[in-house]
Structures are given as structure tokens and as C-alpha cells.
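Participant: In the order they appear, the protein sequences are chains P, E, C and B. The first sequence begins at 1 in our numbering and counts up one residue at a time. The second sequence begins at 1 in our numbering and counts up one residue at a time. The third sequence begins at 1 in our numbering and counts up one residue at a time. The fourth sequence begins at 1 in our numbering and counts up one residue at a time.
Be aware that one or more of the hints could be misleading.
[To be verified] Okay, derived cross-link-like pairs now, DSS-like style, lysine-lysine, Cα gap no bigger than 27 Å in a straight line: (1) P:K320 - P:K305; (2) B:K54 - P:K124; (3) P:K244 - E:K320; (4) E:K305 - C:K63.
[What the hints assert, rightly or not] Here are a few chain P residues that face chain C, going by a calculated C-beta distance under 8 Å: (5) G69; (6) Q97; (7) Q108; (8) A141; (9) G142.
Honestly, the hints are just simulated from the structure, not real lab data. Heads up, the beta-carbon is just placed ideally off N, CA and C, and yes, glycines get one too.
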Amino acid sequence: MPNMTMVQAINNALDEEMSRDQRVMLLGEDVGKRGGVFLATEGLQQKYGPDRVMDSPLSEAAILGAAVGLATHGMRPVAEIQFADYVFPGIDQLFSQAAKLRYRSGGQFTAPMVVRMPTGGGVKGGHHHSQSPEAHFAHTAGLKVVVVSTPYDAKGLLKTAVRDDDPVVFMEPKRLYRAIKEEVPGDDYLIPIGKAALRRQGDALTLVSYGGPMVETLKAADEMAAAGLKAEVIDLRSVMPWDKEAVLNSVAKTGRLLMISEAPRMASIASEVTATVSEELFDQLLAPPLRVTGFDTPYPLAQDKLYMPTVTRILNAAKKLLDY
Amino acid sequence: MPNMTMVQAINNALDEEMSRDQRVMLLGEDVGKRGGVFLATEGLQQKYGPDRVMDSPLSEAAILGAAVGLATHGMRPVAEIQFADYVFPGIDQLFSQAAKLRYRSGGQFTAPMVVRMPTGGGVKGGHHHSQSPEAHFAHTAGLKVVVVSTPYDAKGLLKTAVRDDDPVVFMEPKRLYRAIKEEVPGDDYLIPIGKAALRRQGDALTLVSYGGPMVETLKAADEMAAAGLKAEVIDLRSVMPWDKEAVLNSVAKTGRLLMISEAPRMASIASEVTATVSEELFDQLLAPPLRVTGFDTPYPLAQDKLYMPTVTRILNAAKKLLDY
Amino acid sequence: MVQEKIRFQPFSPEPIGLIDEQGHWIAPFEHGLSAEQMRHFYRDMLAARILDEKLVVLIRTGKTTFVAPHSGHEAAQIGIAHALRRGHDWLFPYYRDMGLMLAMGLPLLEIFGQTLGSAADPAKGRQMPSHPGCKKLNIFTVCSAIASHIPPAAGAAISMKQRGTQQVAVCTFGDGATSEGDWHAGINFAAVQGAPAVFVCENNRYAISVNIAKQTASENIAVKAHAYGIPGYYVDGLDVLASYFVMQEAIERARAGHGTCLVELAVNRFGAHSSADDDSRYRSREELAAERQHDPLPRYQRFLEKQGIWDAQWANELRIEIAGELEAALQEALQAGEPDPLEMFDDVFAARPWHLEEQRRLVAEELG
Amino acid sequence: MVQEKIRFQPFSPEPIGLIDEQGHWIAPFEHGLSAEQMRHFYRDMLAARILDEKLVVLIRTGKTTFVAPHSGHEAAQIGIAHALRRGHDWLFPYYRDMGLMLAMGLPLLEIFGQTLGSAADPAKGRQMPSHPGCKKLNIFTVCSAIASHIPPAAGAAISMKQRGTQQVAVCTFGDGATSEGDWHAGINFAAVQGAPAVFVCENNRYAISVNIAKQTASENIAVKAHAYGIPGYYVDGLDVLASYFVMQEAIERARAGHGTCLVELAVNRFGAHSSADDDSRYRSREELAAERQHDPLPRYQRFLEKQGIWDAQWANELRIEIAGELEAALQEALQAGEPDPLEMFDDVFAARPWHLEEQRRLVAEELG
Ligand SMILES: Cc1ncc(C[n+]2csc(CCOP(=O)(O)OP(=O)(O)O)c2C)c(N)n1
Ligand SMILES: Cc1ncc(C[n+]2csc(CCOP(=O)(O)OP(=O)(O)O)c2C)c(N)n1
Ligand SMILES: [Mg+2]
Ligand SMILES: [Mg+2]
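Next up, chain P with everything else stripped away, as it sits in the complex:
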């Protein structure tokens, strides 16, 4: 099996889906000759031509809205938003059109489209190349939301997203694009949307995270393991729908939940998960479900590292849970 980085796995998934299905096409800013600013679409325009790998004008509304029209007319568009931070000028096309089209037409029209976007911090991107807007999508009925953390998942989930009959927001933590290399099957495989991955087995406490902070979460878990404390680690992979069953099963076992995410804390995915666990596992909880999240400030370039959940911050919170 070939070794791939996440960005290579994404490129490979797009390539396979495009050759499998003529209706699959890519559009976005600089996805053509440039291959995308992170090279996720590198080589695909040369291979499939400028119609199926289309450089769009500089407008997210044009990209996302055109994707809705392409999809409802029978294509399978994969739109790229150059940075998740730039989805907002076009977000009404996702919220008013894509998310509500099936519903408002009583199932007559649908928008099977994928919206790929590099997300999260850690690359010295400052205000507008670091944000993690998944909560906005999850809060909006009609969108599925995936946030990957490994090359293997990236390929399997992206292929599933392309074949899904509803709009899927596919978020790629940019700091992981080239951070990890792992074996990724060179052929077809799918990973279902909505299923979490168990990254570590343990009984001391449950660490739940997704996307970029999976790195710090696993580091923290390993440090604890070295100290003889086995944490169970769950990677949600999908945040809408999120795998409640997997989380409840684990917390029912450990009685302790620490939710880690780099998005701002207020009304976030982390809030949703801990709120749900408190509602449903009240009696099994041995300590209050805690959150380690990004801060409720714009993303500060100067504190690129400090803003995101650090291993220390995760370990401190875990200690609080265990000492409780």
C-alpha cells in the first residue's frame, strides 16, 4: 500500500471519483493549473481538462451557488473554498439554497455536492486562514459535516461524500495536510459518514476530539498511558451527524468525558457533545464533562500555538477530571 500524506490522499480520492463517474467535477479558486493553494487538486486539470476542473471567478457565492445548480442539474460538483474562513461571503448559498433545497421542494430537487475546505490553525495564518467554522454548518439543518484527521479517513470519507445524495461540508485541517504519512489503499474503499473512530482503548477517561486537535489529544493520551493511565480516545470524524452511540458507550464505561476542539467555545460542537452526554448519562458520570476548546477571540497570529488546545491544557483538564 502506498504511503500518503492527507493532501495526497485527497488528491487520490478526487482522481478516483472523477475517473469512476463522469458527473464528478471540481470548481474553485486556483484549482486548475495551480492545483489549489495546497495542491489538493494538483495534476487533475491536466488529466480531466478545464471543464471538469474549473477555475472559478473570485467569489465564494458563485462557487457554492453554481455547485447547487450543477448538482441539481445532474452533476456531482466538488467545490473548493480556498480557506474555511472564506466560506462566509458565500454561506447564504449553503444555508438558503443547498441545505434547504430538498426540503423546500418536497424532495423534487436535491443538491448532491461536496464543499471541501482547509480548516483550522497552526500555520501562522492569522485571522482569516485559521478559523474552524464547523459549528455554523452543524447548526444549519440540511448539511452534513465531516472533519478528518488522517490520510486514510480523508480518502475514504471524501469518496463517500462525493457519492452522498446530500450536501456535505468536508473540512481538511490544513496543519495536517503534510504532517502525517500513512498507508492508504491505492484502490476503492468507503468510510461511512457519522461513524467515529476509536483511536485508543482505555478505561480511565474518555477523550473525544476531531480534526486538528486529534494530534494533541493523542499526544496527551500517550503521555497519560506512559504514566499508567489508559484514556479511551474517540475521533468523531463526522460532526453532523456525530456518533453519539460511540461516545455514550465509552463514557458509560469510563464515567469521565473530556471534549477537545480548537473552534471557539461558545455554542460549539464541544458544547453539543458535553451537553448531550450530561443529559443522557447523568447517573454514570463520575465527574463533570469538561471542554478544552479554542478561545472566544478572533484567531491571533502571534499566539498561533497558544490559541489551540495544547497538550498541557488537555493534561491539566484530564487531571481535574481524574482527581475529581
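Assemble the complex: chain P is given as a structure, and chains E, C and B with the ligands must be docked to it using the hints.
Facilitator: Chains E, C and B with the ligands only, in chain P's frame:
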């Protein structure tokens, strides 16, 4: 003291602030001769002229972005978004410009502006005249978010918002515009942003809500009271920042929390409040904090009533809490 | 049908008109229409007018909750409906296009089902009245958000071009819509791709209460086409044949591979913005009365008279026939009853995830 | 200074130019500039070029993380800087305007403080390099989101008009920015209000890798002004005096109450899009070499020679002097050290609400 509906109280607050401060101006779609589609700005263009009560072109980005420029140049703009559902075509102006201007300029430039918007369901408005998007604003650092439920609060909080040095999203539950009439001082008074209101004293359990569902929440509390169960009822009024102290004090006393909101459930203000309470009052809780919220579907006209928290739904959840 | 020759010039200072107020055919070419065709335009305009009146009655009698009257837009809308290939081309309409959709063959039962939000609504009563759609007829379901359908129309047109379907995407909107960013972004994308999209502005000079003078400083809407390197046609939208022939040329031009264009149809809005509006607050009754002098129906009637095919009795019978069809469909839609409340949880996705199952169960239990 | 007479016509098919490639003054009017003024343009263009080179070096040496080179834009940017009233008019710039902001008097220490994100940055190192701003100089802090500063510029201009401040809002952006919805919405609002705003496109024909041919089908950017009923000036932005005189006329026209306009300055982008880009992937080296033949600095030098005021020794001393000033400011900015981490929680609001106090405390404890 004059009796006023909420929309009259808002009109009165705008009138007072405009006569108090020359820099205060209104802009939005149909705010002029039409007086706004809900008549919140009725009569103000006749009184203050077309410059200070400005009909804008049909673009929320133009309205919100111009407000940022007006504010940073020294005016005190109050922008009206005709329906909260229509903030999304212009939301990048709130998220990228208004919310981050003070931060990105190190305090050199600021955007003291108010964004008024009718919000919520219950008026047979269907998909795009019924949504409650407050979580999107609360999740975005740099915005204050107010959701009023009484004429008295509407006037006092709107006047405070106009004088605030940061952008304030001021949400007006349209189904309450004319539902309630109460005595509202005809002169100047302010209500601080971030302070909740205690609507009922009680010890059986704590009901926390804001905006439109305050109506059903109070009805439910009164039904319980009739049955001899005194619920404490808190109206948050501001959801960013929300009054954690008031909520914690009450739940510390009652041990039971029911959070009611008509916005979709996933990653909502309701999630934030219950998550925080579980984190901080774990030992004092006698039952799991529960949520009664809107559903995670687009807003269906046909089920205009059923979509929102009904009194029955609130009473059922309260019973669950009390029987726990 | 591909034009043999180009008949109309873009960017004319005055609106293109083919029939004058007195009903004379003033074009430099023969219209070449059969009596049957000419009567058909009248029938559809009349039906549109009667539907409008009917919907207003439904409001007064509290049977429906919303209507955006299209009286004054009939000539423009019927011109569009006759110019596109029904069931083949796509229409991306807006809420004031009920006359257009009726003329395109949207079933009356669906129209009234949607208006009443009864079980006869294919969209299960989820949207406000005046928001229909029909997959069979390629009528993209109306969305309230102004101009949000422009980029989707561009996308569909790009798909039509890439797949060589010989279809055209016709997208309608009002003058206010032209101020939205999505309007600009969508037309620009279609134009740069040379996609077969025809963007049509039904310019009634008002966006609710906002007069065009506060909407844009451009000479007219058609000149905005300069920004996209496409032709912009400025047309008298009270003239059904001008609307028809220009739309036909624009659509066939697009079908023939000559790309995107913009058409402005200058119309009047005889009613308030909607049943929720009171236009006396912002529009003088004198101004309105003056507009009503320019009613597209009488003008076209004068044309038929001049053509010697006007028959008053035929017109009266037509009126009665149409009214009867509408009433019958209305009754059927009323009979259909309420949609099932639990349908609230369908069509969010192709299948219900766990959280919607839970929420559905909650309501099911409540309803017992 | 208000123009006695109008010198320039909008919507010219060819770009307006006053100096030809050989350096001849080819305008129908006298430039009326003193030798001092003529040298000043050169000094500022040279300083801009040297700053650009310096920033690229800071990237290579890993001292900074980002730069968007402006080489090829100098004539346009210096023309703008000289046309507006510094400290009185407002500038709404974008990230490629470092040369423009330098010429407007943005202190070198602030420039390098922002570039390094050191404590010398008034914005506390919060944004990427090339994103400065300065309240004293009315330079609106750069925001990465393309075209998001257009509506704010419109709003500021509306305020200027209402309050009669005699100010003008000058707003710059690239060719790609013209496709954004906010670009359209903002200019339309300014135009319909007749606000004193001058929107300036530095058209280098690329948006990162996307050539203008894929960006828009319009003849040029200037014609997009038709959509707003305002003049659009098409100018050779490699000609510093054409840029200056047209901008001056546009700005004074706005100041005199004649409203909004659009100016297109046609320039070249000599570098990659940014330090994160590799333009060899999408732009042939031949194309680039050809562009480099049209460098605004040598052309203006030839003009000075023709005017008989070119002095090679002066130019060399100037280069050394500027380089020295830049190096000194850089060192001072380096000395300033890192910003305080806890400043992360300041300036979100005028005062910190409870949740930011809590989050700040958490980090304070962590840092010990
Ligand atoms: C994005 C958005 N903003 C605001 C509204 C509220 N609204 C509904 S119709 C309308 C006016 C539309 O005017 P125009 O485009 O001229 O169409 P007309 O109704 O005149 O046919 C407005 C502002 C909306 N539906 N969508
Ligand atoms: C809203 C938004 N979308 C995408 C980007 C990413 N981006 C940064 S610069 C750029 C190209 C801008 O090109 P142009 O406007 O021509 O300016 P130039 O860099 O050529 O001077 C893009 C797409 C962004 N910054 N903002
Ligand atoms: Mg209109
Ligand atoms: Mg460019």
C-alpha cells in the same frame, strides 16, 4: 407611564436616541417612508430626514458593511435586517469586518453599530421568515447578542446597544412585536447588556429561556404554580455574554435546569448553557440539565406552531426533571 | 428555432416595443403569428390576471396567508413562458412569477395546493404561498431569499453547456434583486463560462417601498450587462410580443452557443408589494392611477382588434372557462386536507439521522 | 485643489497614458510639476521597490512569514498616494499596497513591527504581514477577506458626505476582487448615495493563478462602472503621472460633490502572488520576461532624463539612504521583542466579559 407594544417601545427608543445624539442614524431596506415592514421605524424619516433614516439598496452586505464604515468614521448606525433569515448574504461583513475590526487594528478602529433584526417563528413565515440564528452570532468572537422578550426590555436594551462601543446584534422576536402591551417609561433608562431578568421566583426547578419562547416558558411555569410547583424562571435577555452568574445561582438552589429555546438544537445557545451548568454545578445537580429546543430541520410553514417549544413539551420535560 | 437574422440590438436607449399604446404593430418585421398563436397569448395573460384576482380573494377570505400580486407583469411573464421550450429549458423563477408558471403548465392543483399549504402541495406545505416548483417542468422551486437563485441558475447553465443538452436556463428576478452580491457573482460566472443562461429582470421600479432611484444610479438595468461583457436588452414589458420576440432571440442565441445575456422587461406593479404590504404609505394614488392607464391586457386587446381577430364573446367565454377551472382546482386542493405533521422530519436528508429520529419520536408521542 | 477643467474622459477604449515607453510627455496639457515634485515621485517609487526587495529577503531569512510583492504596482500606488490628501482623506487598502502605504507616510517602524509581528506592531502581532493600518493617517486596517473592505469604504464615504467633512474615501483592490458580491453591493450603495468614494482597481490580470480571462468577460474593469451610473477611467498604471493626474481628478471630483467613480490602473505583477505561491506553475517565464520589459521605474527615469533632471549619482545616494532608513527601522522593530501573550484577550471588546476573563486566567496560570 404609556402602554406600549414591543414595536412601539423600539420605535420610541430609536426616536429618543436619534434626538439625543446626532450621530445616530438608521439604514436598511424599507426603513424610510414604509417605516420598516413591521413599522419599527415608522415616522422617523419624516422626523429626521432621508439621510438619518436611509433606505438602502436591497443588499444586506451593503447595509452591514456600510454600517461598519459609518461607525468607524464616527457615526452611530443602527442597521435593520428585514428578517434575521436574510442576514446571511451579508454576514461576512459582520464576521470579517465588524466583529474583528477592533481586534485586528489593535484597538485603533472600532465599529460601534447595532444590527436590529426581527427573529423567530410563529407568524406563518416558513423557511425564510422564521429562523433564529443567534448561535451563529454568539459563536463569533467580537459580537454582542441581545434577544428581547418584553417592551420594557426592548427599549432599555436597545438604548444601551446604541451607546455600546462594540457591534451589538439586537434580535426582536417578531411574534412578540404586538403580542404584549406593558407600561414603558416615556423617558430615558438603560438596561445593561449581559444581565438576565428573574421572571418568577421558585425552588422546584429553574427554567431558563429568552426571546419568543419566554411566552410558553411562563405559561408552563404558571401551570406548574397552579399545581403547587414553583419554578424559577430566568430570561437571559443577552445570549452573548449570557448571565452565567444568575443561572448558576438559581440552579445551585433548585438543582434542576430546563433550558428552552426555539433555535435548532445542534450546537446552540441551549447547548452552551446546559454544558456550562453541568461543568460547574455537577455536585449540586439533582437531575440532568435538559433542553427543549427547535428541531434540526428547516423551518416548516405547515408546522409553524409544532416546530417551536410548546407548553406541553416544556411541561413534559419539567416533569421528567422533577420525577428524576 | 435558431434566428436566421438578429432582430434586436442590445443597449437601446429606449425600451424595445413592437406594439404601441393604440395596438398598432410598429415593428420593422412581420410578426408571422397565426390567429391561434395570437389568441393564445391573450388567453394566458387573462388566466394570469384571473389567477391573481383569485389569490387576492383567498387572502381576504383568510384561506391563504400570502400573495405577491403579479398584475402588471402579465405581458412580460407570458412573453417569457412562450419563448422557452417548456419541459426542456429550465426556469429559475421568483415569488412574483405565478402568472409565468401557470402559463408554463404548472398544474392548477399544485398551484392551489401550494397556496393553501394543503396535502395537495408537492412540497408538503413547507413554504409560503407563491413559492412553488416542479421537477417535471424543470421549474426550480422558488426560494424567498432574493437573488439566491441566480448562482444556481448559472451552475445549471454551465452543466447544460458541458453536457450539450441544448437546454437554456432562464432566470427571473426583480429590480431590487440586482443590488444583491449574489446577482453579480452569479451572472459574472455564467458570462465568463459562456453558459446558456438568460437573466431576466421584471423591473417594476419598486422593491417593496424602495423606488429604483434609491436602488441603483444606473441608466437602466440592461446596461449592467456591460459589467459582464454580455448583451443587455431593454424591453417594454407591457408589450407581450416585444417580451416574447426578444426573449425568443435571447434564448435561441444562448441555445446556439452564443452565451449568456441579460434582458430587462419594464413593467408595472399594480398591487401592493404583497398581501402584507400597504403601498399607500409610499406610493401616491395618482402615480398608481397613471400606471394603471398602461395595462398590458387592454393594449394587447387593441392589437387583436387591429389584427381583426378580437371577439368579445370569445373573451367572455374564456373568462368564465378559466374561472371555472381555477375554482375546481381550488376545491380539490381544499379537499386534500392538512399535510401530516410528522412530514416535518422528512426531506432534510435522503434518510433521517439519529437526531431527527429522536426529534420525530418526541413529536409522534406528543401527538399520541 | 478643484479642477478648473475636466482633463480625462471615462470609458476610453485604450488606457489613458501621459508618458510613453521612451519617456516622452505625450499629454495635450502641461504637467506643471516642479523638479522637486518630479523627483519626489521617483523617490517614492524607488522606496517602494526597495521595501519590496527587503520584505522578500526577510522571507528568505525566515524573519517573517508572508509577503505579497508589489513590484510592478509602484507607479499606480505612488500615483494614488500623491493624489489624496494625506491624513485627511481615508484609504481603504488591500494587502498588496505596502508601497502605497509607505508613500502615505506609514511609519517604517510600524511597517516592520507589523511584518515581524513584534511588540512594535500597533496591532499586537495579531494579523499576517502586509496587513497594517493606521488611525492617525486614516488608513483602514487591511483585512484578508477580498473585497470585504468595499462596503465599509462606501459607508465611510456616506458619512463624509452627510457630515460635509470634505474628505474622500479611496478604496483599492485587485482585479479578482471585482468578482465578489460585496464589491458590487458596496459600489452600488456608494454610487446611489453620490458619496465621495473613489474605487481603484490595481489590475495585474491575475488573481493568484487565475487569469483575468477566467475572472470576467467584460472588456476591462472600468466599464463595470456602467452598472452603477458612475464614470469608469481606464488608465496605464505603469505610468506614474497618468495614475497621479487621473486619480487627482477623480478624487477632487468626488470632493467637489460629483459623487463616486471607478478607476482601473493597469499594472503588472512581477513577483509570484505571494511568498506562499509558485507562479511558474501557471505563468510562463516568457510571459513574465515580456512583462518585466515594462517596468514603471526605468520608464519614469527616462521621463526625468527627457525633462533634464535625471542625476545618476543622486539616484544612487537615494538608494543608499532609503536602504539605511529601512534597515534601521527593521532593527528597531526586531529589538521590540514579542508581544505579550495575554494581549490575545484584549480588544475583542472595549472591556472583557466574564468568559474572556476566565479564558485569560486559564492561560495566565499555564504561563505561570
Ligand atoms: C436576501 C433578502 N433580503 C430581503 C428580503 C425581503 N424582501 C422580499 S421581497 C423584497 C423586495 C424585492 O423587490 P424586487 O427585487 O424589485 O422584486 P419585486 O417584488 O418588485 O417583483 C424584499 C426586500 C428577501 N426576501 N431576501
Ligand atoms: C473572500 C476571499 N476569498 C479568497 C481569498 C484567497 N485569496 C487571497 S488573494 C486572492 C487573489 C486576489 O487577486 P486580486 O484581487 O486580483 O488581487 P492581487 O493579489 O492580484 O493584487 C485570493 C483568491 C481571500 N483572501 N478572500
Ligand atoms: Mg421590483
Ligand atoms: Mg490581480
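Participant: Hints first: check each against the structure and report whether it holds.
Facilitator: Hints, verified against the model:
{"no.": "1", "hint": "P:K320 - P:K305", "in the structure": "holds (22 Å)"}
{"no.": "2", "hint": "B:K54 - P:K124", "in the structure": "holds (20 Å)"}
{"no.": "3", "hint": "P:K244 - E:K320", "in the structure": "holds (21 Å)"}
{"no.": "4", "hint": "E:K305 - C:K63", "in the structure": "holds (18 Å)"}
{"no.": "5", "hint": "G69", "in the structure": "holds (2 Å)"}
{"no.": "6", "hint": "Q97", "in the structure": "holds (6 Å)"}
{"no.": "7", "hint": "Q108", "in the structure": "holds (4 Å)"}
{"no.": "8", "hint": "A141", "in the structure": "holds (6 Å)"}
{"no.": "9", "hint": "G142", "in the structure": "holds (6 Å)"}
In this structure, none of the earlier numbered hints is contradicted; all agree with it.
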